[in-house]
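**Student:** Chains as they are written, first to last, in the working numbering: chain G, 766 to 1105; chain A, 766 to 1105; chain F, 766 to 1105; chain E, 766 to 1105.
Keep in mind that a hint or two might mislead.
The list cannot tell twin chains apart, which means a pair is met if one copy fits it or any two copies do.
What the hints assert, rightly or not - In silico SDA-like links for lysine to any residue, alpha-carbon gap of 25 Å or less: (1) K777 / P1072; (2) K779 / E807; (3) K991 / A806; (4) K777 / L1095.
It should be emphasised that the hints constitute simulated quantities derived from the structure, not laboratory data.
Protein chains: 4
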Amino acid sequence: MYAIETLPRQVKLKRIALLTSGGDAPGMNAAIRACVRAAHAEGIQVYGVRRGYSGLVADDLRLMSPPSVANILQRGGTILKSDRCEPFRDPAVRAQVAAQLREKGIEALIVIGGDGSLTGAMLLQQETGFPVIGLPGTIDNDVFGTDDTIGFDTAVDTALGAIDRIRDTANSHDRLFLVEVMGRASGYIAAYVGIAGGAEFILPPEQAVDIDQLSAQLRSSQKAGKFSSLIVVAESQQPGRTQDLAAQLSAQGFEPRVCILGHTQRGGAPTGHDRMLASYLGAMAIRYLLAGQSNIMLGVQHDKLLPVPLSSVVHGHKALPAHVLEMAALLQKRSAPPGG
Amino acid sequence: MYAIETLPRQVKLKRIALLTSGGDAPGMNAAIRACVRAAHAEGIQVYGVRRGYSGLVADDLRLMSPPSVANILQRGGTILKSDRCEPFRDPAVRAQVAAQLREKGIEALIVIGGDGSLTGAMLLQQETGFPVIGLPGTIDNDVFGTDDTIGFDTAVDTALGAIDRIRDTANSHDRLFLVEVMGRASGYIAAYVGIAGGAEFILPPEQAVDIDQLSAQLRSSQKAGKFSSLIVVAESQQPGRTQDLAAQLSAQGFEPRVCILGHTQRGGAPTGHDRMLASYLGAMAIRYLLAGQSNIMLGVQHDKLLPVPLSSVVHGHKALPAHVLEMAALLQKRSAPPGG
Amino acid sequence: MYAIETLPRQVKLKRIALLTSGGDAPGMNAAIRACVRAAHAEGIQVYGVRRGYSGLVADDLRLMSPPSVANILQRGGTILKSDRCEPFRDPAVRAQVAAQLREKGIEALIVIGGDGSLTGAMLLQQETGFPVIGLPGTIDNDVFGTDDTIGFDTAVDTALGAIDRIRDTANSHDRLFLVEVMGRASGYIAAYVGIAGGAEFILPPEQAVDIDQLSAQLRSSQKAGKFSSLIVVAESQQPGRTQDLAAQLSAQGFEPRVCILGHTQRGGAPTGHDRMLASYLGAMAIRYLLAGQSNIMLGVQHDKLLPVPLSSVVHGHKALPAHVLEMAALLQKRSAPPGG
Amino acid sequence: MYAIETLPRQVKLKRIALLTSGGDAPGMNAAIRACVRAAHAEGIQVYGVRRGYSGLVADDLRLMSPPSVANILQRGGTILKSDRCEPFRDPAVRAQVAAQLREKGIEALIVIGGDGSLTGAMLLQQETGFPVIGLPGTIDNDVFGTDDTIGFDTAVDTALGAIDRIRDTANSHDRLFLVEVMGRASGYIAAYVGIAGGAEFILPPEQAVDIDQLSAQLRSSQKAGKFSSLIVVAESQQPGRTQDLAAQLSAQGFEPRVCILGHTQRGGAPTGHDRMLASYLGAMAIRYLLAGQSNIMLGVQHDKLLPVPLSSVVHGHKALPAHVLEMAALLQKRSAPPGG
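Excised from the complex, chain G in its bound form:
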């Protein structure tokens, strides 16, 4: 259960806007609902922007009533739709957007998205002074300044469901499987899915693969009587990493099968954890705005919700702690002689 701060009410607000941006993540709808409900409780109108920054540029906003967010808590995707928006990279466009928002009497903007989306949010406020609060929404959990992001827990569980099924087949056929999970710049999904799925090896994007060492370890597993193996591979910036690996393993005499989980990891009903996280973040965003704060992202650190300056979010880099892969290796280790 998150620890939260009691915040003094410093400003009056009548009207704010809200958007989701970047890759969609399960729980975005729960965050939207929480923003709208918490704002409504304070007498604040919320305008929903359609298709992320694209809708901001195109001035595509609609007033959201509480009934408009009924029955969405448990839905994947985002009812506001999302997009990646090239024009918003232009400062002139951002200036125009701020003017449009002010003209409508809108006093602040909440942005739910990942790294790129939060960069856009930061620039908007830096350049135009328009108040922005960001919420971390991405399945990759690669946002600096927060331990967790909306959608990560669900993506892990979805990938695990696939892994559990693949293991049935791997065991039935004594086969070697390479399973590619999402996470271009970040090994969080790979590490969690690998540990929780009992993968024999985990290959995060941060780490180069020594194919000779991997082959040697697989061979020693086989000698020890273990013929089915599951390797979790994080996708990399360049597509095709897993196929390349499979080709190299084939050249060494293995017969690996490749499964690329891809976009199936994005959707689906959010887990309870992601619904809680998203609900808390959404409701607290309204409280931080009323406390006069902006230019921040609300993050989670050690189970406490707290504000992080957008500039530090955008410039930091979040690395997978070293002990995680050690733990994974430990849980798979079979070599030491027992009771020796």
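Position chains A, F and E relative to chain G; hints supplied.
**Tutor:** Structure of chains A, F and E alone, referenced to chain G:
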């Protein structure tokens, strides 16, 4: 609920063998359990063969007690493991296998698998006279002589789970998705998943794709305001069909995303339907053996379990009825003017 | 895959109405979608009636466009809402309803529901001549004239999910569980769930329970080393059957735990099977109307969709075939000595 | 991702024992696997005790090899089985147990369970000096000294799955549902499930229910056009709380339906979160033992794994923070006029 025949008891049996062969399918364990339990109720010993025909060749058989099949009804995969076995294509090997079985006092063999596995079963009996009964076990539902196969229903539901999740993302981003499902020689999975998943188009393996027509239809959908689309593509004999299609659609100006569901469709807990089918088939196999029948596969036709000569199973070809794709098209049609 | 008939087009239709009635069942939305889409393809307007016969009485109808049924195929419940409607039992009310429909230019009515709902439909047509087609929609699968009903397959799979989880606990604690499933007048859910869930005993509503015999069997299981047992009990007309049983077993020295699955069996995303069935039934209802047929329910018999006179549906009684419980007993039998 | 401490190796260990006790919880198997694997990596033998303290008393222990924990990570329940053991409440029995363990050369005991089980563990060490480490394993999350327990996250997600299905029916029929979740002494499950399930009201066990106020709020919801409502009720020490509430609401003119989720919340494959938590706790238990620590429970506080003296675990009381129910109320509030 399946209709079944009452069968006279014609022969006495003391000992039979049982194997799973080819690609594993959810429900194989339920069939194994039913064979063992129904045999046990008749005082017949069942020897489980490990790794399909490979284990038959290697004489890798173990006596299965009823407790050995406890708690497997709901598990995906096959506890007997499965394999594709090259040596068994050799008549000399089959003759040797029959001799080995007879030497152990084994009087009949039950084979759970797909087309190829049932061909092996037929040849074994034809050439050596050793009694064999086949049960259709494959997710592809491409076995002639039966409307249904063990694992098909589960594979459809698993693929649908993925499709439902992909649709969340497709809707959030107004995107076009190509989703590849299993079924090399057969469009059953594609047709069911396409209809039940509300796909805009279904491309079974039986049918060449007219890319210009597909593009025109996608464009007219977009003009009508429908930007997200989901196309279900059956894998084909040559891998890469879906990527080729994606490349062709990209050349026409679309931005398709590709998802290949692959082996995630194989495993997982079987559905109630597959558990029922597998349990009935397994139990009835024992009854047909006791009625003196063999050289047959037990199939389902219009909800009735019945014996089909293995030779007709092996030489027939099961085609997707034409009306299925018509129905799919009808359920997506949006063009006719209403109330005109 | 259902066999269907090719039907001649005999009548022209401009406008029809559609309602869901009685307990909701997963797949009702898929049937609604199919009716609307298939009607639209023929240029027929569909008016959706809200809350079943209550909405018909209250004249609460709305024109349904194809977009109004987008993205509902995979949703449980019914977007038209459902109800049990006392006033509709009055012939005068039915006469008024027929007049109201005719005044709006509505030429036929499609009713999706169970036994009671189809009785209302039959009476409406018998008394007023207003054309009606019924579709069997109920999780209980207790409608005469059809092997299957919309929602049954999903309810079985949902109950199985619960059973599989309860078994984890039963096994961990060597416990006896009584699990009550739905099905007041019909043992279909109990029989399917019991067989597919590997229940040690199945108690359908049709059958009185001999508590001494049950106790004796449980005791002999325990002597054979089997301490965890799962008994599937169908709810009965009078609530409390399962608690009564538990009390009787406690009096015999057992410590049974009770789980009542209740309404959790009703909702949820429909299985692929139910989506197919509902889609076919919905689309074929339009074709049968255009062929000039009414006063029928569309049912499934041996995998063929076919029309059944409403009067025979309403007056028949659907019983669980005897061999089903025999099969269940066979699959649990552990007593015969093997290889004897 | 949990923060963990680097621990100095202070003692040598050859042989330890491991048991699960109390109500089973998903993830217990993952913890067992982690203990066995991490111990094996250090050359320590692990003896598994069957049926909790009962097996300790009965001297029912077996050596667990790493293969014995293969493929259990994803399984609900506990392969070691669990029990509540009356005799272990007797100090003489505990003294005898310690003697038995020492005789076998066993040097420490790991206990996975809830409050009661950890009390037994504490007494064992206090009275006999036999080193014990506890791991919190219970779906109720009611163990003092830790923010989280093995099984809680899974139980919440399982209950949510049921709630999401019930909501389909509630919406289809405009009905009021009382859904009882587990948690006798603790409102954690109720609070999480209520917030994440969008319940209109949450009734934790800590709080008496003012039926007049509840009725008034329900009535005002209905006046505002909201007819379907879902109330999450925590079971209480005395069974029947939810039925009593239903009776009281019926007396006030409502027609509530009751669903008791019961033991369906216990089993099932653990979530990724619970597999991670259990794996970390299991592996770290070995490290703490090697660091010479005992008489502790390993808990999680603010995402950090740390040791908590068993006596403080046993004597503390864990209360639901007040802000949680405030947050729940906020997310449901519909009354304030927007933009006023």
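**Student:** Against each hint, give a clear statement of whether it holds in the structure.
**Tutor:** Each hint tested on the structure:
Within a single copy, K777 and P1072 get their C-alpha atoms as close as 20 Å, which meets the 25 Å cut-off; across copies the closest is 46 Å, which misses it. When the C-alpha separation of K779 and E807 is checked against a cutoff of 25 Å, the pair qualifies only within one copy, where the shortest distance is 9 Å, while the shortest distance between copies is 49 Å. When the C-alpha separation of K991 and A806 is checked against a cutoff of 25 Å, the pair qualifies only between copies, where the shortest distance is 17 Å, while the shortest distance within a copy is 59 Å. Taking the shortest alpha-carbon separations for K777 and L1095, only the inter-copy value of 19 Å comes in at or below 25 Å, while the best intra-copy value is 54 Å.
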